[in-house]
Amino acid sequence: MGDYRRFTFPFSAITGQEKMKKGLLLNAVNPRLGGVLARGEKGTAKSTAVRALAALLPEIEMVAGCPFNCDPDDYDRLCRLCRSRLADGRRLERACRQVRVVDLPVSATEDRVVGSLDFEHAVKHGRPRFEPGLLASANRGIIYVDEVNLLDDHIVDVLLDAAAMGVNVVEREGISYSHPAEFILVGTMNPEEGDLRPQLLDRFGLCVQVEGVTDPGERVEIARRREAFDADPLGFIAQWSEEEQRLRERITAARRLLPAVIIAPELLDLISGLCLDAFVAGHRADIIMAAAARTIAAWNGRTGVEESDVYEAVELVLFHRAREAPPPPPEQPEPRDEQEEQEEPPEQEEEDDDSREQEQEPPEEPAETPPPGQQDPEPEEKEQQEEQKQDGEQEQDAPSPAAPQETVFTVGQPFPVKRISRDRDRILRKGSGRRSRTKTASKAGRYVRSAMQRKNDDLAFDATLRAAAPHQTRRPREGVAIAIEPVDIREKVREKRIGNFLLFVVDASGSMGAQQRMVETKGAILSLLLDAYQKRDRIGMVAFKGHTAETLLPPTSSVEMAHKLLEELPTGGKTPLSAGLIKAFEVARAHLYKDPNISPLLIIVSDGKGNVSMGAGKPLAEARRAAEIIRDEERIKTLVVDVEKDGFLAFGLARELAATLGAGYYKIDDLKADTLVQAVKCLNDA
Amino acid sequence: MDEFKKIYPFSAIVGQDEMKRGLLLNAVNPKLSGVLIRGEKGTAKSTAVRALAALLPEIEVAPDCVYGCAPDDLTTMCAQCRERLAADGELPRKRRKMRVIDLPVSATEDRVVGTLDIEKAIKKGEKHFEPGVLAQANRGILYVDEVNLLDDHIVDVLLDSAAMGVNTVEREGVSFTHPANFILVGTMNPEEGELRPQLLDRFGLCVNIAGIPDPALRVEVVKRRAAFEEDPEGFARQWEEEEERLRRQIVAAKALLPAVRISDEMLFLIARIAVEMGVDGHRADLVMMKAAKTTAALHGREEVIEEDVSRSVDLALLHRMRRKPFQDLAMDREKLQGVIGGPRQSHQHNHAH
Chain A
1 MGDYRRFTFP FSAITGQEKM KKGLLLNAVN PRLGGVLARG EKGTAKSTAV RALAALLPEI
61 EMVAGCPFNC DPDDYDRLCR LCRSRLADGR RLERACRQVR VVDLPVSATE DRVVGSLDFE
121 HAVKHGRPRF EPGLLASANR GIIYVDEVNL LDDHIVDVLL DAAAMGVNVV EREGISYSHP
181 AEFILVGTMN PEEGDLRPQL LDRFGLCVQV EGVTDPGERV EIARRREAFD ADPLGFIAQW
241 SEEEQRLRER ITAARRLLPA VIIAPELLDL ISGLCLDAFV AGHRADIIMA AAARTIAAWN
301 GRTGVEESDV YEAVELVLFH RAREAPPPPP EQPEPRDEQE EQEEPPEQEE EDDDSREQEQ
361 EPPEEPAETP PPGQQDPEPE EKEQQEEQKQ DGEQEQDAPS PAAPQETVFT VGQPFPVKRI
421 SRDRDRILRK GSGRRSRTKT ASKAGRYVRS AMQRKNDDLA FDATLRAAAP HQTRRPREGV
481 AIAIEPVDIR EKVREKRIGN FLLFVVDASG SMGAQQRMVE TKGAILSLLL DAYQKRDRIG
541 MVAFKGHTAE TLLPPTSSVE MAHKLLEELP TGGKTPLSAG LIKAFEVARA HLYKDPNISP
601 LLIIVSDGKG NVSMGAGKPL AEARRAAEII RDEERIKTLV VDVEKDGFLA FGLARELAAT
661 LGAGYYKIDD LKADTLVQAV KCLNDA
Chain B
1 MDEFKKIYPF SAIVGQDEMK RGLLLNAVNP KLSGVLIRGE KGTAKSTAVR ALAALLPEIE
61 VAPDCVYGCA PDDLTTMCAQ CRERLAADGE LPRKRRKMRV IDLPVSATED RVVGTLDIEK
121 AIKKGEKHFE PGVLAQANRG ILYVDEVNLL DDHIVDVLLD SAAMGVNTVE REGVSFTHPA
181 NFILVGTMNP EEGELRPQLL DRFGLCVNIA GIPDPALRVE VVKRRAAFEE DPEGFARQWE
241 EEEERLRRQI VAAKALLPAV RISDEMLFLI ARIAVEMGVD GHRADLVMMK AAKTTAALHG
301 REEVIEEDVS RSVDLALLHR MRRKPFQDLA MDREKLQGVI GGPRQSHQHN HAH
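Protein chains in written order, with the working numbering: chain A, 1 to 686; chain B, 1 to 353.
Nothing false has been slipped in among the hints.
Selected chain A positions facing chain B (in silico; Cβ < 8 Å):
1) Arg6
2) Glu147
3) Thr214
4) Ala231
Listed below are several chain A residues computed to face chain B (Cβ distance under 10 Å; list not exhaustive):
5) Glu41
6) Tyr447
7) Phe461
Because the hints were derived from the structure by calculation, they are not lab data.
All residues carry an ideal CB built from backbone N, CA and C; glycine is no exception.
Build out the structure end to end from the sequences listed, making use of the hints.
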């Protein structure tokens, strides 16, 4: 069906973004690099570049008419059709075709991805036949996913499964079939919209971080070219065709040269050393880095890999795999090493649950990261001292209302917070709480696949038809082409992308500035955020200070955004506790309205010393009323984290607040103490 | 035209000039890719969008094409039209108004992207694609009331197709790709929650509106509304002349637009504003440039002047600024004045090097 042709912006006309272009071109030269993920802010030509690459891809030889694009010279990987053709004594006709780019839209359903029963054929002939899906067309080609982080978990599982084996095994709807499915993944994503699963992330051979260009001259050039393309796409493409041809020739030349490129053993040692330093999981990084270095050499027209090629490959290969920023190599004065250090710190993308404890470093502060277990108090103390120096006048409690000074505190060291999340599990989760289990019982959510189980009359029409199709030659049909019987009925299995909803309600008033409470608080929130991220929860943040409360972060799954906001959150002014509570209540209720299945959990981080009211009432009385309102909405759960230090002057107001709310109550220090308990327990269990 | 009789005329909306400007610019230049109207309840947001439908210019389409393909534009044509063009050498054509397609908040994914044609499947045992809302919205306006309440997975789908102007369907047994170039117009009340940043960026322009504080104007709003409700047709007739004038202005601007030039100086000004104001990515530059050109065209000018640029800044940047905690979604006026006030010197300064 519909073969819609796109006219895309030419690759060579893209201004700047050299790293991304390089990553893509290297993949065009060497498919064994395993694809590339372009990660970056919106509007930075990510999608444009990937689309444009399609036009530059080389031609490969394949069996004519084979739906799986089999390689006629690679007997081991031939599909069933080609094998049976050979077995019948027929020859495999050859054809040359450009490497294919198969689009995988985020709305794709399972049947189209893996392939399914050929429904038309089944109706006409009464026999099941396999209809190849996207994985079939993508064999020996590229699967392209725009906004790959929005892809459904179930579809991701299917992709990973096929990618791991290089084979797509289909057992469904009376069809049993398997075919080769070797593809490379090319994707784009905006981290603000949430991160990728580490398993999927690792499938991308290379990863590039894309940023906007800041040079006005270049920006003008970008705007000018885009405008020229929009005004006359065909003319613009023609204008750049020569440049495109030159690139295409360079790719072909590099491809031809590639098998001859050799890499010296010392450089292989260098590669494994670099990978070890970056604490990567598994060996994929080493293999891909060697391949990337060889491809870079071929791209530069050399048959020997040089050290500079390896360093160029490092960034592309380790960016998404490093679990700590690559540490500075000792006594190596090369400028490239510096570059490597400056490289963006790694995201919090853990391989699995076991290693979580070792990986609680905040993404932005690799330099200050203490070793695992982090009982080393030094960095924190140093930080605190610095803070104290800077904010001497903030030391006094009770902020003076005349001059509500604003201070932005740094984020304290985060720490693992296992206990809390377990409590939360008990309250909110029914099953194991992995995101993929959050299938919804209602008709809301995205249709990903079908099942025979009948629950809520949510008819999966396509699956029902496929189930009925093979029986049509035997069934009486009255004027219709398809007679459907109750046994054929299939229902839709829908999936929602989120687990829990955690709403942080953060006190940013002046009193939080005292005794470095805010530093600790930010650290605590970050820890909870990281925990939420690993659990694939959705998060939001409300902060209150001065006279107002504000929704800093509407419900999102992006920890990156939350972290950025947390860093910038200023402290100062009075404590409008009641306003904060009401705002949080509104956000939580709005979320309930959108998503009745998910109970929001409010995490209130404060000392409870409300001193500004919204109306005429006393601040604390008003806060109590607000707390009662929240308590009366049964679907909203709450938890209070008290940041007040124990001592003679402790008011215990946060404890009172927790009591009014009927909420769980924690001292900020308890969170850390729990970690110790937990760590000890883990050791004993092991 | 009967269907438009009951719609409140665009030109009769009191005040809210920024919103009206945002909508008009999009009517002239669909490449601006839409406008997001943020504001409190009862500020004529929806009224204005509905009213705009009556002002939209006519476009040339292939009559039996679901996607309303432009008969002369090979680059955005659906596969079927392209085949026909190749076979017959020419496509039939007719003129019709640009459409406004509603996307209700309760819409399901299959209706949005399109799905298996059930009737054909049952009756003929064949598999066909049944186009959805995105197909209808091609070359028109896709209007989402309360866009911030849209389900997340519908937003994902919108992002996917809005990015490239193409809708790719791989679901429920059908595989299909068709053009989906639409102008995304949304209204929202920020009290009910914000939009996801990625979706926010897809709206070319954004306006913040508030109720009118001037008592005299408020009285005028009530008076006109009452008059409209009493006798919609009479009211429409009363405003017909004004509406016609606007319609002509839009058509004239549309015709003039391809000829509008923008100087390097203005382009540098735009780039500097974008860099100084700290926006993500490059879409802001492109939108500012397009908005400035369209503004010039609306004023009947062939050359973009500084005023066109400065009038486009708010529309293009308001929703693209990186927000810091406890800062309103509003512009840093002083900073902006600094950039707009002193671009010439620094431009020359650049040349001196």
